[in-house]
Amino acid sequence: MMARLRVNPIACSGHGLCAELLPELITLDEWGYPVIADQPVPARLGKQARRAVTDCPALALRLAATR
Amino acid sequence: MSPALPGPTMASPVTPAPDTAGLPRLLPPAGKPADDLATHLGRHGPVPYRGGVGRLIPDVRAAGLTGRGGAAFPTYRKLEAVAAAGQGRAVVVGNAAEGEPASHKDEALLRLAPHLVLDGLQLAAEAAGAARAALYVRRDVYAATRLDRHLTQRLASGLDRIAVEVVPAPPRFLAGEESALVSRVGGGAALPQFTPPRVFERGVDGRPTLVQNVETLAHLALIARYGPDWFRAAGTPEEPGTMLCTLRQADGSVTVAEAAIGTPLASLLDLGPGTAVLVGGYHGAWIPAAHASGLWLTNTMLRPLGAFLGAGVLAALPADRCGLAETARVARYLALESAGQCGPCLNGLPRIAAALADLAGLGGRRPDPRVLADLSRWAGLVEGRGACHHPDGTVRFIRSALRVFAPEVRQHQQGRCSARSSVPFLPAPAGPSTDADWS
Amino acid sequence: MHGITSSTALWYASRATGVVCLVLLSAVMILGLLVNRQGRLPGLPRFAVLGLHRNLSLLAVAFVALHVISAVADSFVSISLAAAVIPFVSAYQPFWLGLGAVSLDLMAALIVTSLLRRFIGRRTWRIVHWLAYASWPVAVAHSMGSSKDMQSGPLLGLAVACILAVAGALAWRLGRARAEAPRARRVPDLMAAQAPPRRLARAGDR
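Chains as they are written, first to last, in the working numbering: chain H, 1 to 67; chain Z, 68 to 506; chain C, 507 to 712.
Keep in mind the hints are simulated off the structure, nothing from the lab.
Where a beta carbon is used, it is the ideal one built from N, C-alpha and C, also for glycine.
Wrong hints could be hidden among the right ones.
[Claimed, not checked] The following label-pair restraints were derived from C-beta to C-beta distances:
id : chain 1 : residue 1 : chain 2 : residue 2 : range
1  : C       : Pro688    : Z       : Leu108    : 23 to 31 Å
2  : C       : Ala699    : Z       : Trp297    : 54 to 62 Å
3  : C       : Asn561    : Z       : Gly373    : 47 to 55 Å
4  : H       : Gln39     : Z       : Gly112    : 37 to 45 Å
5  : H       : Arg6      : Z       : Gly430    : 38 to 46 Å
6  : C       : Ala698    : Z       : Gly112    : 52 to 60 Å
7  : Z       : Arg128    : C       : Leu621    : 48 to 56 Å
8  : Z       : Gly121    : C       : Leu676    : 37 to 45 Å
[As the list claims (entries may be wrong)] In silico contact screen, one side only, chain Z against chain H (beta carbon under 7 Å); selected entries:
id : residue
9  : Phe261
10 : Gln408
11 : Cys409
12 : Pro411
13 : Asn414
14 : Gly447
15 : Leu448
16 : Gly453
17 : Ala454
[Unchecked claim] Just a sample of chain H residues kept apart from chain Z, beta carbon distances all over 12 Å, derived:
id : residue
18 : Ala3
19 : Arg6
20 : Glu20
21 : Glu24
22 : Asp29
23 : Gly32
24 : Pro42
25 : Arg62
From just these sequences and the hints, can you work out the full model?
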């Protein structure tokens, strides 16, 4: 199953945990907000991605199946 | 082309020129305002209900009507989606928030032909199987029209089948954004919300919601009476029909006119030499003077120039003004109108606006040499990273300015400007300052 | 002093695990208060602060379990298992033990909702998590009220230290919250703060 990470920019308050947990796919812009790579999550990073989703203090990150 | 009727000042209408394309359609013929119900019924007859959910949709599809609020989405597809998802419980909202300061067409429509809009609202409600209908109107426009009286009359005479609730909108640029509208109509502030789910799936009160610009509803009301072939008699085969345009001439006069899509721009705007044109409003794009004179108003011609018709704002920049200064002033307005909910937009737009002001020399100083690089970086950082398209539209507008006014950019970098007047041209009203300004 | 009986051992165990719970829960509160937007504990990445907060809370669950079991098993005083979760039904010290039960119930709600937070939605989780501000003070009251040892000497010092540490973290968090502008002011304030860009002003410039 192909999945993509998406952030809810309204909920996101720039805690930055996601970028620490998943630096391969998420970097922080100069203001501390996540820039998510425009690609599906590779299988080997699936577990880390799910952890980033669960650990986000604002619950702003979600993993959506791509159509 | 139809006679241009004065917009915001509402002076006496201009004598109509003989028309050949069946214009005007929405706007009443000069001298005969259709604000009065009896006049409206005399001109168009009663609301042609079709007697069931979805029955109007094939005509709307055949007519090729697209949304007149800016996005130009095919209207029949919205109707179908809401009718299918709604199962008789849908909500229909007519959008007259007109958050774009340079646009006056929705206001003009509500003053001059409100009953066409209200007819369209009823017909859309029937087609979408809606149980609730609302009209979302910017509150100063609401105060200047007689909507309550019209609605009471219509309901009492049985013309309306669903009672229409008028919901006042704050004068915010984003107030007419679909999810902000749904939030406000649902009782909250007019702040954009995160989607998915899209409003046609879950909108007001969690119910499928149809949001249509009031001009689209007015066209719908005429299509229901005169049919898709009549609608297609004006415009082009790919972009049929007429549209309302707000014309801002270089001499400062503002009018609202109805024109067939495909009309030459030169027949609507006085284009002197060196007049750049803003098309589509503050999320639209500048067109260089050289291209403007040969332009026809179709998205087909505008798209290669990075522009689109949008909500029909057409502004001719006077040759003695500085396009960069105007863009910088508008950019400042757009930044202040950010909802401030998303980090990239709230951080990026103010910085972009400040950099543009620097480039435009609004501080009376020579611009920082890094300003273009900063602008480029920040533009890339805000695009697509907000909950709504405010950062995207703002970036489009600013990039078009940097492209079209490239010679001026070079001059400004050397500390010079060839403009002869710094009198502001494009309107930039005061922004919000408290949370209450969003309700 | 008599020979150590199993009852005495259990009595000491319940006291000792209780003290550990108090310290652990205070640490959990402090770490929770420190997980905030763009703030950092020097040397600790943000996900570590959050990870510690979670792991210590789970450790606290374990110690609360030991604390309850040893208190119930201890035959010196009569405390039923029910009294550990149903407030104020204990025969022994009903009020102070009842507070312990209240705190435990709140803790259970916090833990369960946090384990399931992906499924219950942002808003619901946040509202329940605010119960922490009730759970911890009630736990402190329970520990100080039900144990004479904590009302003087080094254990009192420990309790006071925990209270001061949490109060300090809370004050810091409130200070930061007050410094944050309301949403509608964020953009205007940032625009006002855009200092005129640094550059050289030259005579003869436009």
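Verify the interface restraint on Z/Gly447: the C-beta must sit less than 7 Å from at least one C-beta of chain H. Result: violated, 10 Å to nearest chain H Cβ.
Against chain H, with CB atoms and a cut of 7 Å, does the hint on Z/Pro411 hold up? Holds: closest Cβ of chain H sits about 6 Å from Z/Pro411, inside 7 Å.
Take a look at whether the Cβ-Cβ distance between C/Ala699 and Z/Trp297 falls inside 54 to 62 Å. holds (56 Å)
Is 52 to 60 Å respected by the C-beta to C-beta distance linking C/Ala698 and Z/Gly112? Once the Cβ atoms are compared, 56 Å apart, the range 52 to 60 Å for Z/Gly112 and C/Ala698 holds.
State, for the Cβ atoms of H/Gln39 and Z/Gly112, whether the hinted interval 37 to 45 Å holds or is violated. Violated - the Cβ-Cβ distance for H/Gln39 and Z/Gly112, about 57 Å, lies outside 37 to 45 Å.
Non-interface label on H/Arg62, tested against every C-beta of chain Z at 12 Å: Violated: least Cβ distance 10 Å, not greater than 12 Å.
For H/Ala3, is the shortest beta carbon distance to chain Z beyond 12 Å? H/Ala3 is indeed farther than 12 Å from all Cβ atoms of chain Z, at 15 Å.
So, as I understand it, the hint says Z/Phe261 touches chain H; can you test that by seeing if any CB pair is closer than 7 Å? Holds - the Cβ of Z/Phe261 comes within 7 Å of chain H, reaching about 5 Å at its closest.
Looking only at beta-carbon atoms, does the pair C/Pro688, Z/Leu108 fall within the given range of 23 to 31 Å? 50 Å Cβ-Cβ, so the 23 to 31 Å window is violated.
Closest CB of chain Z to the CB of H/Gly32 still more than 12 Å away: violated (7 Å)
Go through the hint on Z/Asn414 and say holds or violated, using the shortest Cβ distance to chain H against 7 Å. Hint holds; Z/Asn414 Cβ to chain H Cβ min 4 Å, cut 7 Å.
Would you say H/Glu24 is clear of chain Z, with no C-beta pair closer than or equal to 12 Å? About 19 Å separates H/Glu24 from the closest Cβ of chain Z, which puts it past 12 Å; holds.
The structure fails hints 1, 4, 8, 14, 19, 22, 23 and 25 (numbered hints given earlier, in ascending order).
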